[in-house]
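S.K.: Which chain is which? The protein sequence lines are A and B, in order. Number 722 in my numbering belongs to position 219 of the first sequence; there are no gaps in the numbering. Number 176 in my numbering belongs to position 128 of the second sequence; there are no gaps in the numbering.
None of these hints come from the bench; they were simulated from the model. Please note that a few of the clues may not be correct.
Unchecked claim - Pairs of lysine to aspartate or glutamate residues, derived as DMTMM-like cross-links and limited to a Cα-Cα distance of at most 20 Å, are as follows: (1) A:Lys587 <-> B:Glu188; (2) A:Lys669 <-> A:Glu698; (3) A:Lys587 <-> B:Glu427; (4) B:Lys309 <-> B:Glu297; (5) A:Lys534 <-> A:Asp724; (6) B:Lys422 <-> A:Glu561; (7) A:Lys580 <-> A:Asp570; (8) A:Lys580 <-> B:Asp232; (9) B:Lys422 <-> A:Asp584; (10) B:Lys236 <-> B:Glu297; (11) A:Lys587 <-> A:Glu561; (12) A:Lys511 <-> A:Glu721; (13) A:Lys534 <-> A:Asp717; (14) A:Lys580 <-> A:Glu561; (15) A:Lys534 <-> A:Glu510.
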Amino acid sequence: MFAVEVEKLTKIYGRGDTAVRAIEGATLRVKPGELVAILGPSGSGKTTLLTAVGLINEPTHGKVIIDGVTVADEGWKPGLDLRKIRREKLGFIFQAHNLIPFLTALENVMIALQINGAPQAAAEERATELLRALNLGHRLGNYPSALSGGERQRVAIARALANRPKVILADEPTAALDTENGRNVMALLKTLAVENHSAILVVTHDRRMVEGFDRIFEVHDGRIAGGV
Amino acid sequence: MNLAIRDVSYHRGRFILTSVGLGLLVGVVMSMGGIYRGLVADALSFSRAARADLWIVQQDTNGPFAAVSRIPEDIRYRIAAVPGVLEAAPLSFQTIQIDRRGKPFRFFLVGYDLGSFGGPPEIIAGRPIRRKRYELVAGEGMKLALGERLRLGLHDYTVVGITGKIVSSGGDPAAYVSLPDAQDIQFKSDNDAIRNERRRQAAGRGGAGVPSTHIVNAVVARLAPGADPGEVAARIGRWNHFRAITDEEQGRIITKGMIEKARMQLGLFRVILVVISGVIISLIIYTSTLDKIRTIATLKLIGSPSSLIVGMILQQSLMMGFIAYGIGWTMLLLTYEKFPRRIILEAFDLQVLFAIIMAICVLASFAGIRKALKVEPAEALGG
Ligand SMILES: Nc1ncnc2c1ncn2[C@@H]1O[C@H](COP(=O)(O)OP(=O)(O)O)[C@@H](O)[C@H]1O
Ligand SMILES: [Mg+2]
Numbered sequence: 504m505f506a507v508e509v510e511k512l513t514k515i516y517g518r519g520d521t522a523v524r525a526i527e528g529a530t531l532r533v534k535p536g537e538l539v540a541i542l543g544p545s546g547s548g549k550t551t552l553l554t555a556v557g558l559i560n561e562p563t564h565g566k567v568i569i570d571g572v573t574v575a576d577e578g579w580k581p582g583l584d585l586r587k588i589r590r591e592k593l594g595f596i597f598q599a600h601n602l603i604p605f606l607t608a609l610e611n612v613m614i615a616l617q618i619n620g621a622p623q624a625a626a627e628e629r630a631t632e633l634l635r636a637l638n639l640g641h642r643l644g645n646y647p648s649a650l651s652g653g654e655r656q657r658v659a660i661a662r663a664l665a666n667r668p669k670v671i672l673a674d675e676p677t678a679a680l681d682t683e684n685g686r687n688v689m690a691l692l693k694t695l696a697v698e699n700h701s702a703i704l705v706v707t708h709d710r711r712m713v714e715g716f717d718r719i720f721e722v723h724d725g726r727i728a729g730g731v
Numbered sequence: 049m050n051l052a053i054r055d056v057s058y059h060r061g062r063f064i065l066t067s068v069g070l071g072l073l074v075g076v077v078m079s080m081g082g083i084y085r086g087l088v089a090d091a092l093s094f095s096r097a098a099r100a101d102l103w104i105v106q107q108d109t110n111g112p113f114a115a116v117s118r119i120p121e122d123i124r125y126r127i128a129a130v131p132g133v134l135e136a137a138p139l140s141f142q143t144i145q146i147d148r149r150g151k152p153f154r155f156f157l158v159g160y161d162l163g164s165f166g167g168p169p170e171i172i173a174g175r176p177i178r179r180k181r182y183e184l185v186a187g188e189g190m191k192l193a194l195g196e197r198l199r200l201g202l203h204d205y206t207v208v209g210i211t212g213k214i215v216s217s218g219g220d221p222a223a224y225v226s227l228p229d230a231q232d233i234q235f236k237s238d239n240d241a242i243r244n245e246r247r248r249q250a251a252g253r254g255g256a257g258v259p260s261t262h263i264v265n266a267v268v269a270r271l272a273p274g275a276d277p278g279e280v281a282a283r284i285g286r287w288n289h290f291r292a293i294t295d296e297e298q299g300r301i302i303t304k305g306m307i308e309k310a311r312m313q314l315g316l317f318r319v320i321l322v323v324i325s326g327v328i329i330s331l332i333i334y335t336s337t338l339d340k341i342r343t344i345a346t347l348k349l350i351g352s353p354s355s356l357i358v359g360m361i362l363q364q365s366l367m368m369g370f371i372a373y374g375i376g377w378t379m380l381l382l383t384y385e386k387f388p389r390r391i392i393l394e395a396f397d398l399q400v401l402f403a404i405i406m407a408i409c410v411l412a413s414f415a416g417i418r419k420a421l422k423v424e425p426a427e428a429l430g431g
């Protein structure tokens, strides 16, 4: 079984003369434990594709299947609690600024667990364990403003992993980092894919960042060029 | 973990400053309520101190406080004879302003019959008036010392006792003298006036004889146990010469008639200030929600239910109102003794104000909540 299946996905923003076909007939499948890259220049439709899989951007046509559940088929499947699927099956990592500024590193990870029903103590334990594993044991009580870019991104990764999601979606996770920190984050994602048996989709425009990935999809003008 | 508290404590400087500002507004709203209650208590304090069941005044007047009333002193005997009346006592009132130590000194002078009731309700220092002439019991608010002498009309009066904080319906402190003294002060203002009066009479222009000074402003009556004040008042009213007002009615005349305008003014100010507080809370909650758009989008993205986000905004609004209320209340407790007017804080008023502020906080958070609910999770993306 696939963790993510996308079939003939098309997303059109707007209508009539101003309509933008951001993604056109995209098809891809990702297995659990696979680390795949979606590579393409700015404006090619990478974020559109990722957010459709992330259930925050409704596809115009085509299917999205997450962990065997069809969530979109010519638009969202009616009667689904998308937020519930998001918090249970998906983890998100973005470019930057996606931590809650008034929560400490520890609390930023805990909130994802508590939203998913974990009691305070259990959430604290798991969050601490995750942050320690990501070498942030000494930063638990710091606010994001006191963390470096690399540290923030690792907190975000810990948060994305908190609920042991089937699928992790990362949109330009290295864009705000220098090359070294960027490579470290990518290496970390690779380990996590194997260890946690999660499917990880990473969007990037930086070809140098994707070495060691299991597969690379290239996107040009909304069309997927291939699964290498 | 409570998001509202975490956010507030992260931005505590801003939050505390705003709450203090709101607290001052709430304190003013509270003090206005207290001033109104004080106004009512002051206005009623004298009529309450007399502990009368009935006020007998000049016909067709709302006397003796809201209108001028003059009746002969001796009708007290006729009143005392009315069935249901236990005792009756004459009272005279006048507002006096003299110069004392170069400043105007204003008070409300009550003349009462030493052998009857209607005198000072309590003596907190010194003694009651014992001699019929030239002794005075001063209200606490006059700040006179025992043994101090005061020139009123033709004579000096010695302060022999101090009574509690009793004030006239106009807010002037009350002082007590014997009825004959009060009548002297009222009618024989000075020797020149008396000489003029005699000269006029000698010249045959003065009318019939010496004008009577045996005039009072009201006769107060106490009723026998079980007697119905309304019935007795109606009985006295049937004579057609006097009007009998029950103590309850007197209270209504004073509060409804005399301080109604003050009540409306204070009420209007309170409404305006409460509305201003609401607008301020609303603006602050709205802007703090705008500041948190990204946080809210992130929360939605990681799957938090709307209730968590709505709860965060609502709780912050309520916290702000709660703290502002606490600050306002504390401020008032620390200062109300120093207000020039009496402030009475009643538990009921405070509770109602609290409920109103909480309701306003809920309303004020609507704009912020509406905005938050419209935030798309996708807004968490991008740089
Ligand atoms: N919300 C939107 N409304 C209209 N057009 C959009 C919207 N989001 C993206 N687009 C357009 O869709 C195309 C693909 O955008 P995007 O998926 O963000 O590309 P990428 O992430 O590869 O830079 C672009 O031309 C962009 O302008
Ligand atoms: Mg993008």
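S.K.: Work down the list of hints and note, for each, if the structure agrees.
M.R.: These are the hints, each one checked on the structure:
1. A:Lys587 <-> B:Glu188: It is violated: about 71 Å lies between the C-alpha atoms, which goes past 20 Å.
2. A:Lys669 <-> A:Glu698: holds, 12 Å
3. A:Lys587 <-> B:Glu427: Distance ~19 Å between Lys587 of chain A and Glu427 of chain B Cα, so the pair holds.
4. B:Lys309 <-> B:Glu297: The hint holds at about 19 Å.
5. A:Lys534 <-> A:Asp724: Outside the cut-off at roughly 25 Å; violated.
6. B:Lys422 <-> A:Glu561: holds, 16 Å
7. A:Lys580 <-> A:Asp570: holds, 15 Å
8. A:Lys580 <-> B:Asp232: violated, 99 Å
9. B:Lys422 <-> A:Asp584: Status holds; Cα separation ~17 Å.
10. B:Lys236 <-> B:Glu297: violated, 33 Å
11. A:Lys587 <-> A:Glu561: holds, 16 Å
12. A:Lys511 <-> A:Glu721: Given that 20 Å is the threshold and the Cα spacing comes to 16 Å, the pair holds.
13. A:Lys534 <-> A:Asp717: Answer holds: Lys534 of chain A to Asp717 of chain A is near 10 Å, not above 20 Å.
14. A:Lys580 <-> A:Glu561: This hinted pair holds, its Cα atoms lying about 10 Å apart.
15. A:Lys534 <-> A:Glu510: holds, 15 Å
Figure legend: structure checked against the earlier numbered hints; hints not met, in rising order: 1, 5, 8 and 10.
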